[in-house]
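Based on the hints, put chain V in the right spot on chain W.
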Amino acid sequence: MQIDFRSVLLALGALGALGLIFGAGLAIAAKKFAVQADPLYAQVLGVLPGANCGACGYPGCAGYATAVSKRLVAIDKCPVGGNDLLGNLGRLMGVKAKLAADRLVATPYCDGGCAEAPTRFSYEGIQDCVAVVALSGGDKACQYGCVGYGTCVKLCKFGAITMDDNRIPVVDADKCTACGLCVAGCPKDIFSLRPAGKHVHIRCRSHDKGAVVRKICSVGCIACGLCVKACPVDAIAMSNFLAQIDYEKCINCGRCVEKCPTKTIHSGL
Amino acid sequence: MARTFVGGVHPPYRKGKTCFLPIERLSAPKTVVIPLLQHIGGINAPLVAVGERVFFGQKIGDSDAPIACPVHASVSGRVIALEKRAHPNGREVLSVVIENDYADEVHPSVEPKNMDDMSPADLLQWIREAGIVGMGGGGFPTHAKLTPPAGVTLDAVLLNGAECEPYLTTDHRVMVEWAEDVVLGLRCLMKVTGVKQGYIGVEVNKQDAVAELRRAVASARDIQIVPLAVKYPQGAEQQLIQACLNRRVPKGRRPVHIGVVVNNVHTAQSIAHSLRTGLPCVERVVTVDGASVERPGNVLVRIGTSFADVLTERGLTSEPYKLLSGGPMMGIAMHTPAVPVCKCTSGILALSRAESPATEAMTCVRCAWCIDVCPMLIYPTLIAQYGERGRTEEAEKYGALECHECGACTYVCPSHIPLVQWIRLAKSDIYARRNRG
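As you go down the protein sequences, you meet chains W and V in turn.
Those letters in the first sequence? Residues 1 to 269, by the working numbering.
Those letters in the second sequence? Residues 1 to 437, by the working numbering.
Please keep in mind that the hints were generated in silico from the structure rather than gathered at the bench.
A few of these clues could be false.
Simulated DEER-style distance windows between Cβ atoms [what the hints assert, rightly or not]:
#1 V:K84 / W:S218: 35 to 43 Å
#2 V:I80 / W:K259: 36 to 44 Å
#3 V:R247 / W:F158: 47 to 55 Å
#4 W:F22 / V:R247: 32 to 40 Å
#5 V:R353 / W:A115: 19 to 27 Å
#6 V:V230 / W:A115: 30 to 38 Å
#7 V:R91 / W:A115: 24 to 32 Å
#8 W:R103 / V:H257: 53 to 61 Å
#9 V:A65 / W:K98: 43 to 51 Å
#10 V:M362 / W:G63: 51 to 59 Å
#11 V:A368 / W:L40: 32 to 40 Å
#12 V:E180 / W:D189: 24 to 32 Å
Result set (PhoX-like, lysine-lysine): computed pairs, CA atoms no more than 25 Å apart in a straight line [what the hints assert, rightly or not]:
#13 W:K259 / W:K249
#14 V:K84 / W:K209
#15 W:K215 / V:K84
#16 W:K198 / W:K175
#17 W:K209 / W:K154
#18 W:K249 / W:K198
Each residue gets a CB set at the ideal place from its N, CA and C atoms; glycine is no exception.
So here's chain V without its partners, still in its complex pose:
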């Protein structure tokens, strides 16, 4: 039987429209807006000035902060603006706006690398320089994940191919079409961390991906493909570890503390691609779907292409009621289609009214369904109620910070209470209080 974790929900998956369509390359747009913040951590400082000509793959932003990752030009052309622009995180972020000259003139520094000739330290440095961040949606700089704190020995590298969010088939197509790259990326991660055993967890609704990965791994014993039962949030780091390795991350710790590093399959593919070609992370696969999209599918998009450009290319049948970056469970609603595709944009969903029913919250009936499905084994209803009343100390006591906002509680709540939203608000208040000292 396929493995899984405790708790979780079964939302309608709605992947059928895109999961069998091959990845198509989207033509590069006239202008790209490249935010200097596309990861969790410190914002990059711009390395180019307005009016300057930049090459394809040129580093245009970097930072000295320990948790940060450089960004690169995804087209060649001229920098026409350096200003704050709308960002998928909902705020305005300093971005480099480049006018495309359609020459795709590659930066002279770009040259293919050979993994076998590089030491683990060189590879780690390269992963940083190539601007690789978690492409599943988290956006945590990959190089920072691969350096364990003192006293910790890593013993497993786990690739996340669960893709449990409805609609999204990005990772699915990446695994099917670029299985060799995924495996090569995993080998690179294993070399950097000195780990002998790698795992790729894939939900069993992607049998073709499992088959392709097994073919790519062939008879090698160091990589194991783990079929997982279909359940949300299987792709959450801690749940994936529980499902694949039957290990639990202790409260308040990170997977690295139990010797595990988890990365998305698309991240691994990007590492392999950047090694093979020498190009940094300048494009990614994005699922474009939703009832308002004329031609749903998976597209290979230059980083910095606006959602509007992508949607124009794929056609709209109607004005979308809601525009999401990411999946419907954890994705964020966009306030404008002018936001650019970032390294961690896994999907663009233009949902119709019928796909995003408005609900009105009612009183909690104390059915405890949210507690049953919570994969982190906390009490969503209690934390949300404390959050709603501004009693965030109590919310923290009951484990608000354990919550990774998968939204399973809100999904099942028969009273339609926006539980995860209240918990998120409580969390932001707790962090704000901590920052105040």
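Here chain W stands alone, though its shape is the one from the complex:
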């Protein structure tokens, strides 16, 4: 077979020339129409955690970085970054950040799993807490407790929540960033953010009277009031048949844990 080298060279030459012309065009356009990027934006985005969880209320870290760099929003809206982030952002933006006293951790305030709290009916629908709660408030006999279908596990962007064998969520405090997605997404409002340094918790949300709780959950608060009396610093108050700890007063002494007859109050986590 004979190769026509002239055609080959012509094709190469033509393509090469076109490439040069377009290249020059692009180069000119890049200079002429260049958009001035805010260097601050890139720096802010650099120090943000990059989790894109949306807890700040903006669509991802880029959205928040834009707002921060334009000074449209306070720098303390990211719950994930903690005090490190506050310091970095404060330095970048030239504002003095108020540091949070203690890191927060999401905690489920219910301990009545399959073993402790019976169900009223068997549920076969879609395996999602919101769906089961839409059906008569859920299958648990206790209308305040965790239904255990793991919506919080799906919501957590940091893999900090798992369901244990008893179908109660367990939070890995090291992974939790206190972004609050589980707090907002739980249809039974089981989660709250608490200071990481406090480790005595009343793990119940039930406002049912004690006699009712006794029938439907073995670890529910029966509002007996022993913890209120036992607390040396008056950190526990009874409100609407449920004991609640004021973490600002609590000194982690654990006397309430010893007194609680239903083992609703835990130490640890």
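Chain V in isolation, oriented as in the chain W frame:
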């Protein structure tokens, strides 16, 4: 050829056990629990107090809300409680509990009415006062349906005798046994709305009902019996209109916007019954069926009788695996048999394990079968996937709110994906978002 609509499915009908059995009257129970909410709309306020004696047919709850319908005592006796009780909608609803004294002493206000002596406005008021709501399962207050918005002229009243849900034969028996009342009720609806032409759509698996209705209509030209092909969901309002009148309801509008009012045949029968006797809506026909029921059939039940009472009366051969209010396609599983029969309870199904096979959802194979059968011509699989991921804005964009939850998509899905359940969840989220503003 019998008429029908686009899309739809053919589930096994399983009506044979009950469709030829005459309606039997169930003895009134010892206590009735009458929820103050038995319709779509605002909940009624109680008009009686605990300890008070009430008469049969006495109004015991009413509301000022524009969409609401009063409720009446279905027995005479003493009010023993006024508290929240389990309701077929799955929640707890304020209910009047009446202890039956078995005297059935009728309230003095109850007296027969004559439709010919009443003006359309009087009739409309009477339909409200008699507590008539959509008895096919929807429970929308009938009087509210009959008042068209400004600028709309009604030109057809359609009675729904399709009864496309498997198992249910309530409407079938009502049409066969009380055809005159059904026709009289339709005439009343036509008088109220000023419409000259009425239609009754009946699926052709109910030939005896078609024959009885034709006999009742006789040679009158103003009412037409329309035989419909057997297909689910023929009894859905929009599908029925499409099948009978070949008209489509525009997206986001209601049938009234194209001049049509649709009512269930049992609703029409109740209107006629309430006119003839003066008694408000205090009882209804319920299909009791399912493999766990010893004596299936259609029973005339006082409103407020608990499912447990009905099932005890008809006997249970085994502990039901699932208890449904309504049919198996759109009915709701009950969490307790203590729930009462309401005005819109069309069936009580005590299903065995074999009748309600548990399935496990698998991945969507993108066969588009759900799209083929969807009578609303939306994309169930897409909406369900958006719903599952919590992206309800997109679900709304693809027509989630068009869905009337007939469940045809879930029925055909070869991967057993609970499509309609996800769509329902997406819808509730969309409505919640709208309510937040």
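Item checked: Range hint compliance [Cβ, R91 (chain V) to A115 (chain W), 24 to 32 Å] -> The hinted range 24 to 32 Å holds for R91 (chain V) and A115 (chain W), with Cβ atoms some 28 Å apart.
Notebook entry, point to check: When you check the alpha-carbon spacing of K84 (chain V) and K209 (chain W), does it fall within 25 Å?
Noted result: Holds. K84 (chain V) to K209 (chain W) sits at ~17 Å (cutoff 25 Å).
Next item on the list: Look at the Cβ atoms of K84 (chain V) and S218 (chain W) and judge whether their distance stays inside 35 to 43 Å.
Entry: Violated: the Cβ-Cβ distance is about 26 Å, outside 35 to 43 Å.
Note to self: Given the hint of 30 to 38 Å, is the C-beta distance from V230 (chain V) to A115 (chain W) inside that range or not?
What the structure shows: 50 Å, violated
Next item on the list: Please test the hint of 32 to 40 Å on the beta carbon pair from F22 (chain W) and R247 (chain V).
Entry: The hint (32 to 40 Å, Cβ to Cβ) is violated, given that F22 (chain W) and R247 (chain V) are roughly 58 Å apart.
Checklist line | Distance restraint between K209 (chain W) and K154 (chain W), which requires alpha-carbon spacing of 25 Å or less | finding: Not OK: K209 (chain W) and K154 (chain W) at ~33 Å, beyond 25 Å, violated.
Margin query: Holds or violated: K259 (chain W) and K249 (chain W), Cα atoms, limit 25 Å.
Written below: 19 Å, holds
Notebook entry, point to check: Holds or violated: 36 to 44 Å for the Cβ distance of I80 (chain V) and K259 (chain W)?
Noted result: Holds - the Cβ-Cβ distance for I80 (chain V) and K259 (chain W), about 42 Å, lies within 36 to 44 Å.
Margin query: I want to verify a distance hint. Is the separation of the beta carbons of E180 (chain V) and D189 (chain W) within 24 to 32 Å?
Written below: Between E180 (chain V) and D189 (chain W), where Cβ atoms are some 56 Å apart, the hint is violated.
Check: Regarding the pair K215 (chain W) and K84 (chain V), is the alpha-carbon distance no greater than 25 Å?
Finding: 20 Å, holds
Next item on the list: For the range 43 to 51 Å, tell me whether the beta carbons of A65 (chain V) and K98 (chain W) fit it or not.
Entry: 49 Å, holds
Notebook entry, point to check: That 47 to 55 Å hint for R247 (chain V) and F158 (chain W) (C-beta), does it hold up?
Noted result: 54 Å, holds
Taken one by one, the earlier hints fail for this structure at numbers 1, 4, 6, 10, 11, 12 and 17, listed in ascending order.
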